[in-house]
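These protein sequence lines map, in sequence, to chains Y and B.
Residue 384 in this note's numbering sits at position 349 of the first sequence, with consecutive numbering throughout.
Residue 3 in this note's numbering sits at position 1 of the second sequence, with consecutive numbering throughout.
The hints are simulated quantities; they were obtained by calculation from the structure and are not laboratory data.
Please note: incorrect hints may appear among the correct ones.
Unchecked claim - Straight-line Cα separation of at most 20 Å, SDA-like style, residue types lysine to any residue; simulated pairs: (1) Lys361(Y) - Gly254(Y); (2) Lys32(B) - Arg414(Y); (3) Lys51(B) - Gly254(Y); (4) Lys416(Y) - Lys51(B); (5) Lys253(B) - Ile398(Y).
Said to hold, decoys possible - Covered, in the sense of this in silico footprint (three residues per stretch, anywhere, with C-beta under 8 Å from a C-beta of chain B), are these stretches of chain Y: (6) 270-278; (7) 433-445.
Keep in mind it's a predicted model, so treat the numbers as computed, not measured.
Don't be surprised by glycine CBs; every beta carbon is placed ideally from N, CA and C.
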Amino acid sequence: MRLQAAIAAGKLSSLASRVLGRGGGTALPGLVAERLAPDIVARLAGQLGQGSALVSGTNGKTTTALMLSAMVTAAGLRPLHNRSGSNLMRGLAATFVAEAGVGGRLPGAEKRLGVLELDEAALPAAAKATNPRVIALLNLFRDQLDRYGEVDIIADRWREMIKGLPATTTLVLNADDPSVAGLGEGATGPVIYFGVDVPALGGEREHAADIRWCPRCGGEFEYSTVYYGHIGIWRCPTCGNSRPRPQVVVNGAEQEGFAGTSLVIDTPGGVVTAKTRLAGVYNIHNAAAAVAAGVALGLPIEALAAGLAGTGAAFGRQERFELEGKRVTILLGKNPAGFNQLLRTLAAIPGTKHLALFLNDGIADGRDVSWIWDVDFERLKGQVASTVVSGRRAADLALRLRYGGVSEEMTIEEDLEAALDRALANTAQGEDLYILPTYTAMLRVRELVARRAKMPSYWEAER
Amino acid sequence: MSETRELRVGHLYGSLLNLYGDRGNILTLKYRCEQRGIGFVVEDIGLGKTFEPSGYDLLFVGGGPDREQQRVADDLVDLKAVPLREAADSGQVILAVCGGYQLLGHYYREAGGEELPGAGVLDLHTEHPGDQARRCIGNIIARWDEGMIVGFENHGGRTRLGPTAQPLATVEVGYGNNGEDDLEGARQGNVFGTYIHGSLLPKNPAFADYLIGLALSRRYGEEPLAPLDDSLELRARAVAEGIARREHRRKSA
Numbered sequence: 036m037r038l039q040a041a042i043a044a045g046k047l048s049s050l051a052s053r054v055l056g057r058g059g060g061t062a063l064p065g066l067v068a069e070r071l072a073p074d075i076v077a078r079l080a081g082q083l084g085q086g087s088a089l090v091s092g093t094n095g096k097t098t099t100a101l102m103l104s105a106m107v108t109a110a111g112l113r114p115l116h117n118r119s120g121s122n123l124m125r126g127l128a129a130t131f132v133a134e135a136g137v138g139g140r141l142p143g144a145e146k147r148l149g150v151l152e153l154d155e156a157a158l159p160a161a162a163k164a165t166n167p168r169v170i171a172l173l174n175l176f177r178d179q180l181d182r183y184g185e186v187d188i189i190a191d192r193w194r195e196m197i198k199g200l201p202a203t204t205t206l207v208l209n210a211d212d213p214s215v216a217g218l219g220e221g222a223t224g225p226v227i228y229f230g231v232d233v234p235a236l237g238g239e240r241e242h243a244a245d246i247r248w249c250p251r252c253g254g255e256f257e258y259s260t261v262y263y264g265h266i267g268i269w270r271c272p273t274c275g276n277s278r279p280r281p282q283v284v285v286n287g288a289e290q291e292g293f294a295g296t297s298l299v300i301d302t303p304g305g306v307v308t309a310k311t312r313l314a315g316v317y318n319i320h321n322a323a324a325a326v327a328a329g330v331a332l333g334l335p336i337e338a339l340a341a342g343l344a345g346t347g348a349a350f351g352r353q354e355r356f357e358l359e360g361k362r363v364t365i366l367l368g369k370n371p372a373g374f375n376q377l378l379r380t381l382a383a384i385p386g387t388k389h390l391a392l393f394l395n396d397g398i399a400d401g402r403d404v405s406w407i408w409d410v411d412f413e414r415l416k417g418q419v420a421s422t423v424v425s426g427r428r429a430a431d432l433a434l435r436l437r438y439g440g441v442s443e444e445m446t447i448e449e450d451l452e453a454a455l456d457r458a459l460a461n462t463a464q465g466e467d468l469y470i471l472p473t474y475t476a477m478l479r480v481r482e483l484v485a486r487r488a489k490m491p492s493y494w495e496a497e498r
Numbered sequence: 003m004s005e006t007r008e009l010r011v012g013h014l015y016g017s018l019l020n021l022y023g024d025r026g027n028i029l030t031l032k033y034r035c036e037q038r039g040i041g042f043v044v045e046d047i048g049l050g051k052t053f054e055p056s057g058y059d060l061l062f063v064g065g066g067p068d069r070e071q072q073r074v075a076d077d078l079v080d081l082k083a084v085p086l087r088e089a090a091d092s093g094q095v096i097l098a099v100c101g102g103y104q105l106l107g108h109y110y111r112e113a114g115g116e117e118l119p120g121a122g123v124l125d126l127h128t129e130h131p132g133d134q135a136r137r138c139i140g141n142i143i144a145r146w147d148e149g150m151i152v153g154f155e156n157h158g159g160r161t162r163l164g165p166t167a168q169p170l171a172t173v174e175v176g177y178g179n180n181g182e183d184d185l186e187g188a189r190q191g192n193v194f195g196t197y198i199h200g201s202l203l204p205k206n207p208a209f210a211d212y213l214i215g216l217a218l219s220r221r222y223g224e225e226p227l228a229p230l231d232d233s234l235e236l237r238a239r240a241v242a243e244g245i246a247r248r249e250h251r252r253k254s255a
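Could you build the full structure based on these sequences and the hints that come with them?
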């Protein structure tokens, strides 16, 4: 009874929020429903005939979940997916409320598989509520330190969570991130490691790379290959602790800028060959994570390949638009590690670039903007045709670029729409404009770009 | 002869203690020197190394996660404390931010009660009141002798000054050393410590120039620094100040 009331109230508040023009109402219905029935996620997740898979990590969870969702569809099942990036418990509740009937049942539940991306801090509660078949952990980077305090706090919470997992939950872990790979030691159930064995993808060490210490002996890890940040092929020279051998491993990768990447991925059940539509080494790890999660769920090889090939850019992440005869690419950047990867991919594209960078300091962006000083903007030196900086902290970003010697001339325009106009004016027909926003700026800029590109907004396209 | 002047910076534990955009402080020193034709060199002084204080004009220590601080603490006491004290005694300029600030005191008591010895260069100590205590996180405005410093702070430890250390500034908005006595940072001779990052120096050009001038004067004598166009710096600072004040009003409303 209470469950039904909670679902009805949640649906009503979602409708109200849409009518009032407050977007799709990602969290409010969940908040309302959770208030009325605190166990709503557990009760609805329990109905999923195919169980669920949770995806978490600092970077890449939205893209990885999107890939896994496409794999599930290709396998003839129906994913239940919190696509909007609403990844706190209330976001999960909202997703379930939207899918459930007012009678409290999930229609067609026997074929449904939950593919749920979770905020790093929200993951333990979600694991308890959903009793998942698979938990995929991607990576841990410094991010939103004003919110979490420190990176180690998240790792500690995950370690606690893993201790309490049932033996039926398979952990999918990134072998190339020592702080994630090390979590396998406490596993109660099966572990599948994924990784990348393509040394040619390696780069130089970045400024923001957190040094990782060996938890067994305290020695400093050594890397034969660094893919990015502290992600790579590592070992501890002191005690011999080393990267676990991944069962799902990328053995071939050909990058073609933002056009995509051709991958060859070995799995225990055969080789997955696919061309993805996403650029960057981090997306190669995301693809490996999705394949490993698919393997853990027992999806067929063909479905894994089809899912990878069929996944386009997630909301605002390498999303491309045509606008006034110009190509516009939106590249969400949230933290130094993610931002450095975008810059590395950009720098590999020949020619000079038109840039528009947006820095906000909302709670979802991180209120502390000091992280911009940890980003290697210097990578773009000599490659910039024009620069517009915008957002609430535009002046901070302008200082960063000036001190880094990246852009001599730039436009500083706090207003997002005026900044977009200026950046488009800088870009000639047939040229590319690259937009790099933080999270809240991305939501607004993407909306503006999508509207002008005459593309349906995300919400209408989704539902 | 300003053309021949050069600022030599020693960056202690640059690859370990670099959490909250500390690189911004180094880049600011570099930028403000180079704009004036003053030479600039920076060297990392990492784990396992000691150093000769007279080889530098300014020493910088940044902040890091607790884990890195534990590693640094032993090395600091074993290899760096003696030259740091020598530098401090001779009036050399030292700037320490956040975790580095804590480590220059007498000790840092962690949330779990374990005590990390510090370098003892600043007469202060820091205690973390436990995992349940609120971290001091937010935009901060403080007043020092020559004006205002704005930035961001994020620390669990609470710092209390001893009689020999003077406060660097007084808190207008934010927590500062401990959230209780309205004091922010410390100054003892030419050793400066602060919780303000964001980064500290880019948006506080007067403070940056004060440190540069002080550091150079020891080797080259008093010579004023040529003024720079700081309009962008001051614009960024005005925005940060406005945000801090609005947040403060909302909290106290």
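Does the structure break any of the earlier hints, and which numbers would those be?
Hints 1, 4 and 6 not satisfied by this model.
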